[in-house]
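Construct the complete structure from the given sequences, taking the supplied hints into account.
As they're listed, the protein sequences go chains A and B.
Under the numbering used here, the first residue of the first sequence carries the number 720, and numbering increases by one thereafter.
Under the numbering used here, the first residue of the second sequence carries the number 133, and numbering increases by one thereafter.
Possibly wrong hints are sitting among the right ones.
Part of the chain A face toward chain B, derived, beta carbon under 8 Å [unchecked claim]:
1. V900
2. Q902
3. L928
4. M990
Pair ranges (Cβ atoms, derived) [unchecked claim]:
5. D975(A) - G181(B): 28 to 38 Å
6. T281(B) - D733(A): 52 to 62 Å
7. W870(A) - I271(B): 51 to 61 Å
8. D733(A) - W420(B): 32 to 42 Å
9. L149(B) - Q854(A): 11 to 21 Å
10. G313(B) - L847(A): 14 to 24 Å
Chain A stretches covered by chain B per the calculated footprint, using a threshold of three residues with CB under 8 Å from any CB of chain B [as the list claims (entries may be wrong)]:
11. 843-849
12. 892-899
13. 933-944
14. 1002-1009
In short, the hints are calculated from the structure, not lab data.
Every residue gets a Cβ at the ideal spot worked out from N, C-alpha and C, and that includes glycine.
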Amino acid sequence: MSALATVTRRTVRDPLAIARYLIARALLHALAIGFGVLLMVPFAWAAISSLKPVEEIRLLPPTFWPSRFAWSNYPDVWNSTMFAGWVQNTVVITVIAALGTVVSAACAGYAFARFRFPGRTVLFALTLSTMMLPQEVTLIPQYLLYYLLGWLNTYLPLTVPFWLGGGAFFIFLFRQFFMTVPQDLDEAAKIDGASYFQILGQIMLPLSLPVLATAGIISFINHWNSFIFPLIILNDPEKFTVSIGLRYFAVSPSSDAKPTDHLLLAGSIMMTIPIILLFFFGQRYFVRGVVMSGIKG
Amino acid sequence: MARQEAIYAYVFLAPWLVGLFGLVIGPMIASLVLSFHSYNIVAPPTFVGLDNFRRAFFEDPRFWPSLGVTFTYAAVVVPCGVGGALLVALLLNQGLRATNLYRTFFFLPHLTPVVASVYIWAWLLNRQFGFVNEVLWRIARIEGPGWLTSKEWALPALMMMALWGIIGGNMMMIFLAGLQGVPKELYEVASIDGANPWSRFWNITLPMISPTLFFNAVLAVIGALQTFTSAYVATQGGPAYATWFYALHIYTTAFNYTEYGYASALAWIFFVVLVSFTFLQFRASTRWVYYAGEVKG
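So, in structure tokens, the structure goes:
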């Protein structure tokens, strides 16, 4: 024990060891900063290019810094294309779908966490196994189903299904969290004559604000980014979401044969900003959800 | 009482049961049935036996090449993505002062919607006006390829783009949580025994986080094999089918050529491939994954 203590003290006082430690730390910081800068290069190039005036965007050789910042590119995208409408559509769809995911996943998670009923084990195993299912297998029949229902080119397929449980991941997330809420609380409420709905609404959910935030943020991001589903469902450009709208903008020829790269980049950045803001404000909850998914059930 | 509990359980589960059977299990069965039929929505389905499968294996000129593209992509992206995410997590686990700031910056590419990231990268890699080729030219006088428009470089470009979003993303977060769960005492004991950092990593860190590594590897394989959006938006499978991913093949068959029966067969083949791959990974995992606290039989 004393030998160990002297070793530690000697290493701490040894200037060579301190220097070595500091150099190692500095190298680690340099590595982290270098990697961070490397990752930011695509953003930086896109951001700079999105602010170039139209006559400079396709200059040869390309300039690294615009001669003047054309801030008007951003309002231009917003006003002169359908972008504002796409954002509006996406916000409406995303909010309705994310809300449905949270509400219906909380109900299913509550049932799995708190009730004993015949078929529970089988249903829960079935639920978890759907997490591994590639969406390609269900995509075509789902599309045909919406065709038969006459739902194509409407927002129904992009919202209604998410009120039906919201998927295995979110159900699992809620179930895991509800399991940590002390059972005595609902026992006491039950004795006081509370119904199951009251227990869920007035005891479980108010205690579950962190997991509500986690589920809300993750499903918001999922719906905001969703691509293949809106792609097969929506036909009218006015009805598009941002993700497929951006692509529509990219592949449609511009009316006056002028380059539109800067506008496309501005649109891409505008599509990314809400997600980044959401992440900054909800980082804690977001990380919790990601980590939860990595814990074996 | 128990009966009433069961009834309420099914009330809370009702939406998810509709979703599970109506949107997951039902469609799975429907696509299996469709895979033995020829169907184009306009005419009623006709039974064709195993024709669709024979066509896929022996006649479809795009079937094997698209599997080849998809597996080549996964063979690069999965090891580099998982390994890179682990390295970055190790770096962030060194207790550096600005760790949270670094983590946030490393995570930003992952948050970028795939569609937006495609346009950001397409501009970065643009043959004439892109940052990468301009830097290559200024530094080394190398004339960079057209990247996404080049037969040889389109797939590597998509790989780079994917790795940009993967390395600092969810997997890194999950690794970080795994690393923080490794008991500190193990390292202390090993240090006293004179283990160097390399052997500490090899003999303590790696076995202790092997369940996390396994989880990440399984999800990374599933994710990489399902690649669709980036290829659809960036290259539409081209040039000359160089990025014709399997999921793109399914999509085109179904939604461009309206061959829903054949596309369902393709989807089911894919599903079987994915399940067997995951099964193999689980089988192999018993050799290298170590669960602390597990009783060896």
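Tested hints:
no.	hint	result
1	V900	violated (15 Å)
2	Q902	violated (14 Å)
3	L928	violated (20 Å)
4	M990	holds (5 Å)
5	D975(A) - G181(B): 28 to 38 Å	violated (55 Å)
6	T281(B) - D733(A): 52 to 62 Å	holds (59 Å)
7	W870(A) - I271(B): 51 to 61 Å	holds (54 Å)
8	D733(A) - W420(B): 32 to 42 Å	holds (40 Å)
9	L149(B) - Q854(A): 11 to 21 Å	holds (20 Å)
10	G313(B) - L847(A): 14 to 24 Å	holds (22 Å)
11	843-849	holds (count 3)
12	892-899	violated (count 0)
13	933-944	holds (count 3)
14	1002-1009	holds (count 3)
In the structure shown, a violation is registered for the earlier hints numbered 1, 2, 3, 5, 12, in ascending order.
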